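Visitor: Could you build all of it, start to finish, from the sequences and the hints given here?
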Amino acid sequence: MMHEDTVLLRAGNLSKAYGNGCSRCESPEARNLEKNYCPHCGTVYALQDVSFALYTGEILGIVGESGSGKSTLMQCLYFDQPVTSGEFQLNSYKGGTVNLFEESDQVKRYIRNYHLGKVYQNPMLGLKMKFSSISNIAEKMISAGHRNVGVMQERASELLSHVNIPAFRMKEAPQNFSGGMQQRVQIAKALSNNPPILLLDEITTGLDLSVQAKVLDLIKTIRRDFQITMMLVSHDLGVIRMLADRTLVMLNGRIIEHGLTDQILEDPQQAYTQELVHSLL
Amino acid sequence: MKYMLKIDNLGKSFIIHDLQKHIHGCRGISLALQHGEFIGITGRSGSGKSTILKMVYRTYLPDEGEIWYDSERWGWIQLSQRAERDIMYLRMYEIGYISQFLNVLPRMTAREIIQQAVREKGSSEAEAAAEAVRMLTHFELDRELWDSYAATFSGGEKLRLNIARAMVKRPRLLLLDEPTASLDMHSKMRVRQLIEQLKREGTTMLGIFHDIEFMRGLCDREFKMNQGEAVI
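In order, the protein sequences belong to chains A and B. Going by the working numbering, the first sequence opens with residue 152, and the numbers climb by one from there. Going by the working numbering, the second sequence opens with residue 1302, and the numbers climb by one from there.
Read the hints as simulated data drawn from the structure, not as lab findings. Keep in mind the model is a prediction, meaning the values are calculated, not measured. Ideal placement from N, C-alpha and C gives every residue a C-beta, glycine not left out. Some clues are possibly wrong.
Keeping only pairs whose Cα atoms sit at most 35 Å apart, straight-line, the calculated DSBU-like set for lysine-lysine is [what the hints assert, rightly or not]:
1) A/Lys-365 to B/Lys-1422
2) B/Lys-1303 to A/Lys-245
3) B/Lys-1303 to B/Lys-1422
4) A/Lys-365 to B/Lys-1459
5) B/Lys-1459 to A/Lys-371
6) B/Lys-1489 to A/Lys-371
7) A/Lys-186 to B/Lys-1322
Some chain A residues close to chain B (C-beta under 8 Å, calculated; not the full set) [claimed, not checked]:
8) Phe-230
9) Asp-368
10) Asp-396
11) Gly-410
12) Leu-411
13) Asp-413
14) Gln-414
15) Asp-418
16) Gln-425
Guide: Below, the structure is given as structure tokens:
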């Protein structure tokens, strides 16, 4: 794997609030409170000024407790949710010169189909459970403009065999599959249009350990074979340790610490990160 | 004379927020390593030897002081202030680290581990395969073990594998954190041979050793430490 210094994805001052805010929580001082919700109007500040860069070929891990904004960040980057404010640039789209949040829905759809792939924690969100695995992949390909059924079938079987789904089960619907298999179908679907970036949101949560290991090994092979850049959200530090090159630590919608993964695990600076690391041991 | 690594007044303490405690790591460390030189750090357990090495490798962030390194790609740089991405590059191509702990990647065979290390450097598949055979043979790892999971190995076997993995990358600067701690005499000699070979090839090394006998004749200089400070 060659080392490149291109920034593939850049997010700047990303903010997401649920609620309209009030005079008491809109001032910058009030927002620096420990909690990320306003007790007066009930507004939740899920993301507050999140900025980071993702470089070619790396796996960027994001850790944090439930409610720290990890998944919201992923949803915002995949346009599942609108942001309140912020910037988002992709090097693969117009050289990273435009803020994608300000583009039309059409452009956003195009970015989702061609430039990003996402694997959800819950396969129900990422897959149509009652359609066959091949159709699930074909659906994503159709949205990217493919129309030739033969080509789509071939590509879908190729991807499914890459994620170790046996050939005789490819036409089955994911609802008949085990959790690990559903996750693997999701991964195949995310890869179908050769996106440069894969967003992985808690992909091993709720799977038993041996199945987790298979999914993680698959991620490693995919990284090697497709040279793909990934963002990996997890609250499992073992997963982060094994896969991530760099790690961001989130708390209350902010990035409180960032560093090389071994540095975060061995020399955590913030009180919360220390608590997190000590919980592991 | 230009140095490969120059450490100036380096200090580190660990803050444990939970217990509201400061733990003293090391203080006022200055050290200069010339190109091709091998310095051995000695001292009792807890005297801060590993802390220095880990700061050079950026596993620890220093509190004060500077670490200058003469990189092939960027020239004279300050390691502790460099971007994470650049440190990733240096770890892949320029700086190697051998730990005293026996961590190996799970679900990978010995052969795969070595091959992956060679391939990360940009070599072809065939080169990697040949290099893996050469390395595994050198460290006299049982042939039956080559294609079994490294996680099932004994302590000495894991250690030899870790050393092999770091050495195939041919780093310019190699950090050795007690690489021979749990090896028998014969394996130690094997490691020593390889270190000598690397030294002949011009690798600069900074190592920690408990075994003074082993170190003698291998290191150019000794750097003694006591309670986090250098002994002069």
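Visitor: Given a cut of 8 Å on the nearest C-beta pair, is the interface hint for A/Gln-414 held or broken against chain B?
Guide: The hint holds - A/Gln-414 has a Cβ within 8 Å of chain B, the shortest such distance being about 5 Å.
Visitor: Given the hint that A/Lys-365 pairs with B/Lys-1422, does the C-alpha gap stay at or below 35 Å?
Guide: Answer holds: A/Lys-365 to B/Lys-1422 is near 26 Å, not above 35 Å.
Visitor: Per the CB criterion, is A/Asp-413 less than 8 Å away from chain B?
Guide: This interface hint holds because 5 Å falls under the 8 Å limit.
Visitor: So if I understand the rule, the pair passes when the alpha-carbon distance is 35 Å or less; does B/Lys-1489 with A/Lys-371 pass?
Guide: holds (33 Å)
Visitor: Does the nearest C-beta of chain B fall within a distance shorter than 8 Å of the C-beta of A/Asp-368?
Guide: Given a least distance of 6 Å, the restraint on A/Asp-368 holds.
Visitor: Given A/Asp-396 as an interface hint, is the shortest Cβ-Cβ distance to chain B below 8 Å?
Guide: holds (6 Å)
Visitor: Quickly compare the C-alpha distance for A/Lys-186 and B/Lys-1322 to 35 Å and report which way the hint goes.
Guide: holds (26 Å)
Visitor: When the nearest CB of chain B is found for A/Gln-425, is that gap smaller than 8 Å?
Guide: This interface hint holds because 6 Å falls under the 8 Å limit.
Visitor: For the hint on A/Phe-230, does the least C-beta distance to chain B fall short of 8 Å?
Guide: violated (27 Å)
Visitor: Take a quick look at whether B/Lys-1303 and B/Lys-1422 sit within 35 Å of each other, Cα to Cα.
Guide: holds (27 Å)
Visitor: Have a go at the A/Asp-418 hint: is there a Cβ in chain B nearer than 8 Å to its own Cβ?
Guide: Given a least distance of 4 Å, the restraint on A/Asp-418 holds.
Visitor: Does the nearest C-beta of chain B fall within a distance shorter than 8 Å of the C-beta of A/Leu-411?
Guide: holds (5 Å)
Checked against the numbered hints given earlier, the structure breaks hints 2, 8 and satisfies all the rest.
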